[in-house]
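Input sequences plus hints: build the corresponding full structure.
Protein chains: 2
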Amino acid sequence: MTTPKFGFSLLDVSGGARRGKITTAHGDVDTPAFMPVGTAATVKAMTSQAVRDTGAQIILGNAYHLMLRPGAETIAALGGLHRFMNWPGPILTDSGGFQIWSLNALREVDAEGVTFRSHLDGSQHLLTPERAVAIQDMLEADIVMVLDECTNHPATHEEAEDSLKLTLDWARRCYDAFPGRPGHGLFGIVQGGMYEDLREEAARALIGVGFHGYAIGGLSVGEDCVTMLAMLDAAIRPLPEDQPRYLMGVGRPADVLEAVARGIDMFDCVLPTRSGRTGKAFTSRGEVNLRNARHGEDPRPLDEGCVCPACRDHSRAYLHHLTRSGEILGAVLLTWHNLRFYQDMMADIREAVATDTYSNFAAAFIQEMEKGDIPER
Amino acid sequence: MTTPKFGFSLLDVSGGARRGKITTAHGDVDTPAFMPVGTAATVKAMTSQAVRDTGAQIILGNAYHLMLRPGAETIAALGGLHRFMNWPGPILTDSGGFQIWSLNALREVDAEGVTFRSHLDGSQHLLTPERAVAIQDMLEADIVMVLDECTNHPATHEEAEDSLKLTLDWARRCYDAFPGRPGHGLFGIVQGGMYEDLREEAARALIGVGFHGYAIGGLSVGEDCVTMLAMLDAAIRPLPEDQPRYLMGVGRPADVLEAVARGIDMFDCVLPTRSGRTGKAFTSRGEVNLRNARHGEDPRPLDEGCVCPACRDHSRAYLHHLTRSGEILGAVLLTWHNLRFYQDMMADIREAVATDTYSNFAAAFIQEMEKGDIPER
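For the protein sequence lines, the chains are E and D, in the order given.
So for the first sequence, the numbering used here puts the first residue at 552; every next one is plus one.
So for the second sequence, the numbering used here puts the first residue at 552; every next one is plus one.
Treat the hints with care, as some may be off.
In this list, chains with the same sequence are indistinguishable; a pair is considered to hold if it fits within one copy or across any two.
Within a straight-line C-alpha distance of at most 25 Å, the following computed SDA-like cross-link-like pairs (lysine to any residue) qualify [unchecked claim]:
1) Lys831 to Leu619
2) Lys831 to Thr590
3) Lys595 to Pro860
4) Lys556 to Arg724
5) Lys595 to Ile879
6) Lys831 to Arg634
7) Lys831 to Gly622
8) Lys595 to Asn637
9) Lys572 to Asp895
10) Lys831 to Leu671
11) Lys922 to Gln675
12) Lys922 to Asp775
13) Lys595 to Glu848
FYI, nobody ran anything at the bench for these hints, they're computed from the structure.
Source: prediction; values computed, not measured.
Structure, rendered in structure tokens:
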């Protein structure tokens with residue numbers, strides 16, 4: 552069997568929303584897709600089989616975390632990230648740019664790359680565009696992300712422009728360094744701060760280089776919702792129809808629905824996993840905090856329509872008990888539920904695009920969520 | 552279908568070792584059996600399905616923890632402990648005596664019962680023999696344990712005798728209070744400190760009352776191994792052949808093998824679960840600490856012959872990485888492995904008794920464990 556070429560097929564549209572399929576060395580991904588975050592070679596609290604059982608087809612790994620522990624060379628010697636974490640499907644790895652920006656007060660950026668201290672042991676590291684690509688190649692990531700600089704927020708137009716210039720220079724260097732193995736793709740990242748002209752310029756410049764897909768980064772960093780959507784529109788406008796578009800680090804269910812309507816194909820976000828570890832659940836009726844005393848004697852399932860183990864096997868009262876008791880099983884079950892909720896939502900989104908009913912679907916979905924949780928018994 | 556009577560069938564013996572079957576309202580238990588500890592209505596870090604997948608047929612719950620949180624009445628209103636934690640099989644509940652003894656500096660024991668402060672919120676509670684039975688009945692435990700006083704160690708003969716007197720008085724009161732639902736059994740607990748005469752006296756007194764089974768408590772509390780085995784022998788000597796015998800809170804694999812040889816049928820211990828949360832694994836080649844740097848690049852499975860997800864899907868290097876990174880999945884996978892190791896050991900023990908080869912089996916098992924871990928690569 553030969554490895555398929557990396558590619559994207561656009562299958563249906565419904566308004567601005569798109570349904571498609573990404574082909575990679577490790578299998579296909581139906582889009583719009585949500586990628587669970589597997590920072591340190593584990594989707595926190597989940598076995599790889601459980602992640603598959605939620606319906607996830609692709610997960611995200613973090614080059615930053617993995618280069619520091621256990622080390623990209625170690626994972627390569629052990630047969631790559633897929634084998635290391637027993638995830639046979641596609642993996643996208645973040646380049647490390649965002650983590651260095653968010654986790655490290657002590658970082659120095661120059662034209663060569665970024666010098667930073669490990670958040671684990673304080674050791675000093677230099678990450679260049681070339682090294683970022685080499686690390687992700689050692690991990691055998693199906694989708695490699697360029698190294699970018701996440702523009703500070705707020706930033707003046709001049710600051711954002713300078714930052715973008717660096718990001719575009721690094722993107723070209725990543726492109727040159729990318730080995731281009733069959734079935735593996737390299738995505739550019741549109742930056743440009745909160746300036747529409749820079750966002751559009753960034754997208755056009757990246758298209759000029761020619762990546763396998765385009766990500767939009769540096770959003771959901773504290774800006775208001777109107778600004779975020781304006782940046783999203785500006786970035787998307789020039790993007791080619793026949794390549795995948797990935798909105799990085801977003802978001803809540805309503806954000807995902809909104810972004811799909813604007814033509815986004817891929818998402819990742821820590822919310823479903825992080826929330827699951829703090830007693831919070833996403834449901835068809837909005838967010839539910841299982842720590843709340845109202846659930847203490849409630850025999851009903853968390854979300855009636857859901858078939859995950861948390862909803863199928865247990866009551867809200869039990870999930871409340873686990874959460875209040877700090878039991879690991881509470882984190883396991885709520886993470887499982889939240890990931891399943893996101894995957895079910897993505898499957899419903901794809902179905903709605905296929906039947907050209909996306910706009911009605913999204914409105915009804917949001918309306919249901921806005922009802923709030925089922926009444927207390 | 553009518554609920555079966557609680558009972559025990561002795562099927563085979565091999566030297567002092569026994570193979571049998573316990574019948575309960577929620578199913579049968581093949582003995583010798585190891586009961587995973589599910590303190591707070593969860594076997595820590597495991598879904599109930601995962602616990603079943605390890606081969607466990609019965610689990611242990613703690614009346615002490617459950618009476619304090621979420622409360623026995625709450626669990627009863629939610630349909631009992633089996634339904635609450637989604638464990639359809641048999642459950643044995645500890646009465647709370649041991650937990651009050653080990654978790655509470657501020658406790659007062661008198662003839663009526665024990666007054667203690669909750670380790671959670673400091674609230675004051677009185678646990679009497681009658682209340683201990685009522686709580687376990689509300690939980691719908693298949694096997695109810697009498698309330699006992701765990702004798703301090705060390706204790707003088709007089710202290711141990713006084714303590715035993717109280718334990719035997721409470722045992723009679725538990726017997727009188729036990730509702731005797733079909734398929735549910737009540738076990739007496741042999742105490743007596745580190746005095747053979749008291750252990751034997753305790754066993755005879757309990758037999759005089761007539762319980763469904765007999766537990767041996769107050770061992771593995773700091774005494775040496777020779778003393779523990781002497782107490783075990785003294786306690787077992789008078790026990791009837793046709794009723795199950797349960798050694799509480801024991802132990803390491805070698806302890807289990809030794810106790811089976813002396814005629815014990817049931818075990819519980821936090822070791823496999825607690826060790827799993829701190830990076831330690833039980834294997835056919837002894838105990839392995841996954842935090843050790845020697846495992847950092849080792850592609851081999853933890854225990855070659857094991858079919859648990861930790862061994863089947865992952866390398867030692869991955870388990871090392873998870874453990875060092877403090878990832879929940881490390882606790883999940885190692886707990887799973889350890890419980891599977893114990894259940895596989897119990898299945899092998901039963902097979903050895905059935906074929907009357909127990910003595911050879913146990914010697915070979917211990918010899919293999921004493922080899923220590925496989926050589927470093």
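Consistency of the hints with the structure:
no.: 1; hint: Lys831 to Leu619; result: between (30 Å within a copy, 24 Å between copies)
no.: 2; hint: Lys831 to Thr590; result: both (20 Å within a copy, 24 Å between copies)
no.: 3; hint: Lys595 to Pro860; result: both (17 Å within a copy, 16 Å between copies)
no.: 4; hint: Lys556 to Arg724; result: within (22 Å within a copy, 76 Å between copies)
no.: 5; hint: Lys595 to Ile879; result: both (11 Å within a copy, 6 Å between copies)
no.: 6; hint: Lys831 to Arg634; result: between (31 Å within a copy, 23 Å between copies)
no.: 7; hint: Lys831 to Gly622; result: between (32 Å within a copy, 23 Å between copies)
no.: 8; hint: Lys595 to Asn637; result: both (14 Å within a copy, 23 Å between copies)
no.: 9; hint: Lys572 to Asp895; result: within (17 Å within a copy, 44 Å between copies)
no.: 10; hint: Lys831 to Leu671; result: between (28 Å within a copy, 23 Å between copies)
no.: 11; hint: Lys922 to Gln675; result: neither (50 Å within a copy, 42 Å between copies)
no.: 12; hint: Lys922 to Asp775; result: within (23 Å within a copy, 63 Å between copies)
no.: 13; hint: Lys595 to Glu848; result: between (28 Å within a copy, 22 Å between copies)
Going through the hint list in order, the structure does not satisfy hint 11, though it satisfies all others.
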